[in-house]
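2 protein chains.
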Amino acid sequence: MKRETLLKRPNSMWRYRELLPVKNDCDIVTLGEGMTPLLRVPNAAKRKGLGSLWVKNEAQNPTQSFKARGMSAAVSMAKQFGIGALTVPTAGNAGAALAAYAARAGIKAYIFMPRDSARANVIESEQLGACVTLVTGLITDCAAEIKRQRISNDWFDLSTLNEPYRIEGKKTMGFELAEQLNWILPSSIVYPTGGGSGLIGMWKAFRELQAIGLIGPKMPKMFSVQAEGCAPIVREFNVSVKSADSQAGYNNRASGLRVPVPLGSPIILDILKKSGGGAVAVTEEEILSAIAEFGAAEGIFLAPEGGAAYAALTSLLKAKAISTDESIVFFNTGAGIKYLEWFE
Amino acid sequence: MKRETLLKRPNSMWRYRELLPVKNDCDIVTLGEGMTPLLRVPNAAKRKGLGSLWVKNEAQNPTQSFKARGMSAAVSMAKQFGIGALTVPTAGNAGAALAAYAARAGIKAYIFMPRDSARANVIESEQLGACVTLVTGLITDCAAEIKRQRISNDWFDLSTLNEPYRIEGKKTMGFELAEQLNWILPSSIVYPTGGGSGLIGMWKAFRELQAIGLIGPKMPKMFSVQAEGCAPIVREFNVSVKSADSQAGYNNRASGLRVPVPLGSPIILDILKKSGGGAVAVTEEEILSAIAEFGAAEGIFLAPEGGAAYAALTSLLKAKAISTDESIVFFNTGAGIKYLEWFE
Chain A
1 MKRETLLKRP NSMWRYRELL PVKNDCDIVT LGEGMTPLLR VPNAAKRKGL
51 GSLWVKNEAQ NPTQSFKARG MSAAVSMAKQ FGIGALTVPT AGNAGAALAA
101 YAARAGIKAY IFMPRDSARA NVIESEQLGA CVTLVTGLIT DCAAEIKRQR
151 ISNDWFDLST LNEPYRIEGK KTMGFELAEQ LNWILPSSIV YPTGGGSGLI
201 GMWKAFRELQ AIGLIGPKMP KMFSVQAEGC APIVREFNVS VKSADSQAGY
251 NNRASGLRVP VPLGSPIILD ILKKSGGGAV AVTEEEILSA IAEFGAAEGI
301 FLAPEGGAAY AALTSLLKAK AISTDESIVF FNTGAGIKYL EWFE
Chain B
1 MKRETLLKRP NSMWRYRELL PVKNDCDIVT LGEGMTPLLR VPNAAKRKGL
51 GSLWVKNEAQ NPTQSFKARG MSAAVSMAKQ FGIGALTVPT AGNAGAALAA
101 YAARAGIKAY IFMPRDSARA NVIESEQLGA CVTLVTGLIT DCAAEIKRQR
151 ISNDWFDLST LNEPYRIEGK KTMGFELAEQ LNWILPSSIV YPTGGGSGLI
201 GMWKAFRELQ AIGLIGPKMP KMFSVQAEGC APIVREFNVS VKSADSQAGY
251 NNRASGLRVP VPLGSPIILD ILKKSGGGAV AVTEEEILSA IAEFGAAEGI
301 FLAPEGGAAY AALTSLLKAK AISTDESIVF FNTGAGIKYL EWFE
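Respectively, the protein sequence lines represent chains A and B. FYI, the numbering for the first sequence is 1 to 344, going by my numbering. FYI, the numbering for the second sequence is 1 to 344, going by my numbering.
These are calculated hints, taken from the structure and not from any lab test. Do not take every clue at face value.
Pairs involving identical chains hold if they fit within one copy or between any two copies, as the list cannot separate such chains.
Stated by the list, open to error - Once the Cα atoms are required to be at most 35 Å apart in a straight line, the calculated DSBU-like pairs of lysine-lysine come out as:
(1) Lys108 to Lys318
(2) Lys8 to Lys221
(3) Lys218 to Lys8
(4) Lys46 to Lys320
(5) Lys23 to Lys46
(6) Lys8 to Lys204
(7) Lys23 to Lys8
Please model the entire structure based on the sequences and the hints provided.
What follows is the structure in structure tokens.
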């Protein structure tokens, strides 16, 4: 895999074939995921007083979120291993992505979502042939229900960081960032963090690109953005600031950020510290006004998670964690169109 | 523009720069539209008894539909001409696309939609900063309202085929089809037809590629698919079959197919005849079961328009208009996720 050879590769995350799992090409389950646009957003940059701002728009993936990458890799491996049924507890986007790739692979999908999940992901999963169970409670209750039902069912559980392949898919966001920026990483990456596997995956990707000599040694500052009401990474990063008790709970509507005890939290904290980055929480009001501001400025309807990342730029700048003259990429991990409940 | 030079071009419809309008690159308004996946769908092919079936999935465009292509081209030209305000009457997707590109260009957008339009497009257009007016009635009533308000407002009207550039954007679907199939066009193209500018644009694209020697002289059979309740092309194509009176009306829920008097209808009919193709109408029940069947088979949540195209394969095969051994591409012009009302 060289810079030039990549030019002739397929227009999807599978262009980085050598650095991805799956033994035989015929087991790759693809719907054209990855190679999402990385766009300069000068109007939004001006509003924030920044010089060079980019958005990586993951909404243009199959099932409209970055979860497609992880599920493409994980379901491909499930196909390789001959697994017949997959399950996942999910707040939404991971369920729709699993439904899509499982259907494409001819594998049964059992998806457990909280009853108050966004309707878009429930309907999409059902239309993609998955068996969807709505559970009264939180995502942890969904996980408990899976545990109960797995006893009598031969299901493989694709929960975040419970298996090694979803993160292999997600790391392709890092490969693409490097390739799309002509192999010079940005100065800062601002990433909305729920389970955090996207951030962990990207960090792994940069290390791999360094190991094969495709990029230099300089790593970007990594910033995690969470929503007030459920910001465990922010709380642990700023151990001195034990302020908002509510941050220990589940109390926010940005479903992709509603992970009170991220399994990968020690790894995430290590990356944030090593990179010279940090963690910041934003309010729901900040998210909503960020979505409207960015939409009118740049024509992209951010998901609440992407809105959180954009909103966080203001406090990061104020805290001097980022400066006006550096190149900054923030991630829109999903599509606003899937969260109509926020706007009705 | 040669086959090899294209390899190094941007991963969007603007890779076909020489065959697109816009004088200076700095006027191009882009959000990463085009280069959508063209996927082999063997599970669905098997269900239909077909040998080689492909879907071109336009849902992965900005604002989740092929309308992004036309608006990227038209808004770029509006920027070049220094136009300050744009307007369009729309059943939905064209409005969201205009809102996105106008925002990106810093141009005001005035969008007129029927009051019963899908909520997704209304909310998306609003979040992208457009001024949305809901009109009691049909898209023709929206057009009439624009005519009234334009007298006292300096708006440029981007109605279908009212200006030449949207179709220039849409023709890139034809360029991509050729490039993605290694410069050999399929035997048949099955396309959901409302205004028909996508079909007209593709035909133009094939002629252009022939003129510069990138493809051979063989053209595909072109098929228009419409929904019963509003199928003027089908009615005119089969002049002998003056059966369903309701086909003269607006009576179908597939909003992208609700165009009772397509401006381009003589051109469309000419293309269908010249190519050896045809026109066919499907029912709402057929659309709904096509969406569920294709979703479970291939993991893509078709829009009703895409569902109509997939559903039509059955009657086309029965009528021997297509055969089991030819290569067939059908278009999914939008995203199922924008039509939640169909499934609630």
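Structure-based check of all given hints:
In the homo-oligomer, the alpha carbons of Lys108 and Lys318 lie at most 35 Å apart only across protomers (32 Å), although the nearest pairing inside one protomer, at 49 Å, exceeds that limit. In this assembly of identical chains, the alpha carbons of Lys8 and Lys221 lie at most 35 Å apart whether taken from the same copy (31 Å) or from different copies (30 Å). For a Cα distance limit of 35 Å, the shortest separation of Lys218 from Lys8 qualifies both inside one copy, at 27 Å, and across copies, at 27 Å. Taking the shortest alpha-carbon separations for Lys46 and Lys320, only the intra-copy value of 17 Å comes in at or below 35 Å, while the best inter-copy value is 59 Å.
Taking the shortest alpha-carbon separations for Lys23 and Lys46, only the inter-copy value of 26 Å comes in at or below 35 Å, while the best intra-copy value is 47 Å. Both within a single protomer and between protomers do Lys8 and Lys204 lie at most 35 Å apart by alpha-carbon distance, with minima of 24 Å and 27 Å respectively. In this assembly of identical chains, Lys23 and Lys8 lie within 35 Å of each other by CA distance both inside one copy and across copies; the values are 21 Å within and 29 Å between.
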